[in-house]
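S.K.: Residue numbers (the working numbering), protein chains in the order written: chain A, 23 to 345; chain B, -5 to 511.
Fair warning: there could be bad hints in the mix.
Stated by the list, open to error - Computed cross-link-like contacts, DSSO-like style, restricted to lysine-lysine with a CA-CA straight-line distance of at most 30 Å:
id : chain 1 : residue 1 : chain 2 : residue 2
1  : B       : Lys353    : A       : Lys148
2  : B       : Lys353    : A       : Lys215
3  : A       : Lys215    : B       : Lys386
4  : B       : Lys374    : B       : Lys332
5  : A       : Lys339    : B       : Lys353
6  : B       : Lys333    : A       : Lys215
7  : A       : Lys215    : A       : Lys339
8  : B       : Lys374    : B       : Lys259
Hints listed in this document are in silico derivations from the structure and should not be mistaken for laboratory results.
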Amino acid sequence: MASSYKKNLSRFQSVIALLVLCIVLSLLTDKFFTAANGVNVLRQVAVNVCIATGMTLVVLTAGIDLSVGSVLALCGAITAGLLKNGIQFPSADLYIGFTILGAVLGSVIVGGLLGLMNGLAITKFKVPPFVATLAMLTIARGFTMLYTGGHPISNLGTNFAYIGAGSFIGIPVPVWIAAIVVLLAVFITQKTKLGRYIYAIGGNETAAILSGIRINRVKLIVYSLGAALAAIGGVIVTSRLDSAQPNAGISYELDAIAAVVIGGTSLNGGKGSVWGTVIGAVIIGVLNNGLVLLNVSPFWQQVVKGGVILLAVVIDKMGDKKE
Amino acid sequence: MAGFGIITRPLTNRSLMLEAKNISKKFSGVTALSNINLVLHPGKVNAIIGENGAGKSTLMKIFSGVYTQYEGEIIYNGKPVKFSGTRAAEAAGIAIIHQELNLVPYLTIAENVFLGREITNAIGVLDKKHMNEITKLLLARLNFSANPDIKVAEIKVGQQQLVEIAKALHCNASVIIMDEPTSAISDKEVDNLFSIIAQLKSEGKTIVYISHKFKELFSIADHYVVLRDGATVDAGDMHNTTQDRLIQKMTGRDILLQKRSANFKDAAILLSLKNVCLRHPELKSVNLLTNISFTLHKGEILGMYGLMGAGRTELMEAIFGLHPKNATGEIAVEQSVKKIKSPCHAIQAGIALVPEDRKLQGLILNQSVNTNISLTVLQKIQQWGIMLSNTKEKELTASYISRLAIKTSSGNIAAQSLSGGNQQKVVIAKWLATHPKILLLDEPTRGIDIHAKSEIYKLMKLLAAEGMGIIMVSSELPEILSVSDRVLVMCEGDLTADLPINNITEQEILKHAIYKN
Chain A
23 MASSYKKNLS RFQSVIALLV LCIVLSLLTD KFFTAANGVN VLRQVAVNVC
73 IATGMTLVVL TAGIDLSVGS VLALCGAITA GLLKNGIQFP SADLYIGFTI
123 LGAVLGSVIV GGLLGLMNGL AITKFKVPPF VATLAMLTIA RGFTMLYTGG
173 HPISNLGTNF AYIGAGSFIG IPVPVWIAAI VVLLAVFITQ KTKLGRYIYA
223 IGGNETAAIL SGIRINRVKL IVYSLGAALA AIGGVIVTSR LDSAQPNAGI
273 SYELDAIAAV VIGGTSLNGG KGSVWGTVIG AVIIGVLNNG LVLLNVSPFW
323 QQVVKGGVIL LAVVIDKMGD KKE
Chain B
-5 MAGFGIITRP LTNRSLMLEA KNISKKFSGV TALSNINLVL HPGKVNAIIG
45 ENGAGKSTLM KIFSGVYTQY EGEIIYNGKP VKFSGTRAAE AAGIAIIHQE
95 LNLVPYLTIA ENVFLGREIT NAIGVLDKKH MNEITKLLLA RLNFSANPDI
145 KVAEIKVGQQ QLVEIAKALH CNASVIIMDE PTSAISDKEV DNLFSIIAQL
195 KSEGKTIVYI SHKFKELFSI ADHYVVLRDG ATVDAGDMHN TTQDRLIQKM
245 TGRDILLQKR SANFKDAAIL LSLKNVCLRH PELKSVNLLT NISFTLHKGE
295 ILGMYGLMGA GRTELMEAIF GLHPKNATGE IAVEQSVKKI KSPCHAIQAG
345 IALVPEDRKL QGLILNQSVN TNISLTVLQK IQQWGIMLSN TKEKELTASY
395 ISRLAIKTSS GNIAAQSLSG GNQQKVVIAK WLATHPKILL LDEPTRGIDI
445 HAKSEIYKLM KLLAAEGMGI IMVSSELPEI LSVSDRVLVM CEGDLTADLP
495 INNITEQEIL KHAIYKN
């Protein structure tokens, strides 16, 4: 009994850490424990939750995706470009316009294809995930610059702005989107064959191959999903700012990886959960928010964030050793 | 052990160089060596002979300081010694050349020879010139004229071996242990190696030579020690013994175990292989398997024996579709030729493979027993075409847990917390769940206790009685003899014998498994 109690404790240690953090911040500041601030924090973490959810799937297969920040920027720019300018073929005197839904779908598909390319490099050409997605980080950023000419694409209309800035029953739309993404990902990881295969590949790739699992197919799906979720993040960011910034999303991959790691997912794969990542992302969000409320300088904020990541992993490793 | 007078009566009058006294070694309760007593004669080539798992490597690892936890005593130059690690053994003059060479491929020959004991000048900078010169001299002693500045990855395996020997010479080793030194080199390189061994001998070095190849042993060795099941069973002068005697000592069992006696000649053919070949994935001219043809009948248990490196595992992998690019030949299941290019195809064709290493290949250790068992048949526990049903999964796995008597407090326990035997049962369960017609078992009882072994044998017989065809790869002759209906023997990638179980002996099987040049 004692050991199962300990196991449960370790499973919920990130939740406990989050609760402790919230209690401390509530005691230290008046503004933290208010509905308005809560909604604010959730809105701020929504994009990272989307990206980090995709990252969790990738990391569970013992992979990594460094390209999500750039993919976010490129897909955000494509959404804005399609909405504002459509696709023009001056030579054929042809113009294709896009509705909001069309533009969003278009950019998510582009995101998925970029992820597919990551996956192909990793499975067919045996490029290590770190290198393949590092290359994509640069490539996608380059295409973002080419597509936007280095300038923001702005004034996208009030209807589009609803996605990033609007609310539904008092809760920001990005939070709804993140919630749907999380629920879908939880369903996939816990309740489907694909989910089992993701854990199996990360847990023991050789055993997975010998069990007849088509591991290349699973990896292609996982990297495509990860990039498509980054594209959704791009849509939200673009909508909230009413502008696609060519340098959007820089270092977002690091925040996503931090959320995954703080949430207890092992970078060696096979161990972790989407729920953990959500908690990890919220911990980072609460920490950012609390440090601002406490008037801590942005420079110190970074130091503290780094310390928390390190602490989370150290605690996790200590738990492993005891088992 | 006192019966081996030869051990305590050295043939030379010089002081005994290396001696083992009552050495015992256990791995988590399993005895690997028990009361080993032997003497390595100085300035001679001492052959260590034994079946796979007899304890040869374990003993060598104790001599060379790899294993530091053991019972008993090593006497070296007349004094008891206890090495704290490989460095200590090397400093004392004992060097080991492992079967898989221990060189860093992208360092140069000289850098490898000096690895860990680099020569530096007064301010700590590497003295490359000096090291290259010394290396050149060392290589010259081995009749190997190579530039010490080229990378080890660029020279042949036989030459890499010479680098290892140079390394041993450089630390002034007086005992050089060679573990299967000829397993990966050409005949010409073998001749060269033998002349070097003769030269080292004339310099007074003691050579310990481990090999399965009797022809080599008779031409190079002066003395021999036979190990069986972790104990010394014979020792003596190589020139006063015969191959038959050594084989008899290696197996040591004249008693025939209970055999099955069914005849399957008229039973339906489940699996047939025709001229299956497998190329080495890198060295395209080397064949890992050459023209393997045989059949497996319904209800038959086929034992497959061979020494290490005979190609048994590779054959199982080729049947299971793990070498789509390098395997050729024809594989037919129930008389219809199948293209098996992946494990997926193999499963569809009704083939299952329980791999050699359950921890590295069979299980996802940190996941539950249930998850491991259902992994091969997730489509069977789906509902509404997409969602996995916990209820269906529990039904499925509970039936296998009870059928195979897997000892676990619940199906939700992580596979890693089970005992070896129960882990193996989980791997078998996961494959039985696919309802295979053909079950390939690669060393199914390695490292598990006797009780679990007998349970697995019982299960195999039951499955065979139900009509499954089983191929069991094993390195244990008694197991082969007691479980199989027919025995295939492999050696160096060839199928060397297809023997009915009636009236065959371990010696006969072993004869076919030993390399004849």
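S.K.: It remains to establish, for every hint, whether it holds in the given structure.
M.R.: Against the structure, the hints:
Our distance criterion of 30 Å between C-alpha atoms is met by lysine 353 of chain B and lysine 148 of chain A, whose separation comes to about 24 Å. Restraint check for lysine 353 of chain B and lysine 215 of chain A: satisfied, since their Cα atoms lie roughly 22 Å apart, inside the 30 Å limit. Pair hint lysine 215 of chain A plus lysine 386 of chain B holds up; C-alpha atoms about 14 Å apart against a cutoff of 30 Å. The suggested pairing of lysine 374 of chain B with lysine 332 of chain B holds, with an alpha-carbon distance near 24 Å, which does not exceed 30 Å.
Only pairs whose Cα atoms come within 30 Å are accepted, and lysine 339 of chain A paired with lysine 353 of chain B is accepted, the gap being roughly 21 Å. Among the hinted pairs, lysine 333 of chain B with lysine 215 of chain A is consistent with the structure: their alpha-carbon atoms are about 26 Å apart, no more than 30 Å. Under the criterion of a C-alpha separation no larger than 30 Å, the hint pairing lysine 215 of chain A with lysine 339 of chain A is consistent with the structure, at around 29 Å. Distance check on the hinted pair: lysine 374 of chain B and lysine 259 of chain B sit about 36 Å apart at the alpha-carbon level, beyond 30 Å; violated.
When each numbered hint is compared with the structure, a violation occurs for hint 8 only.
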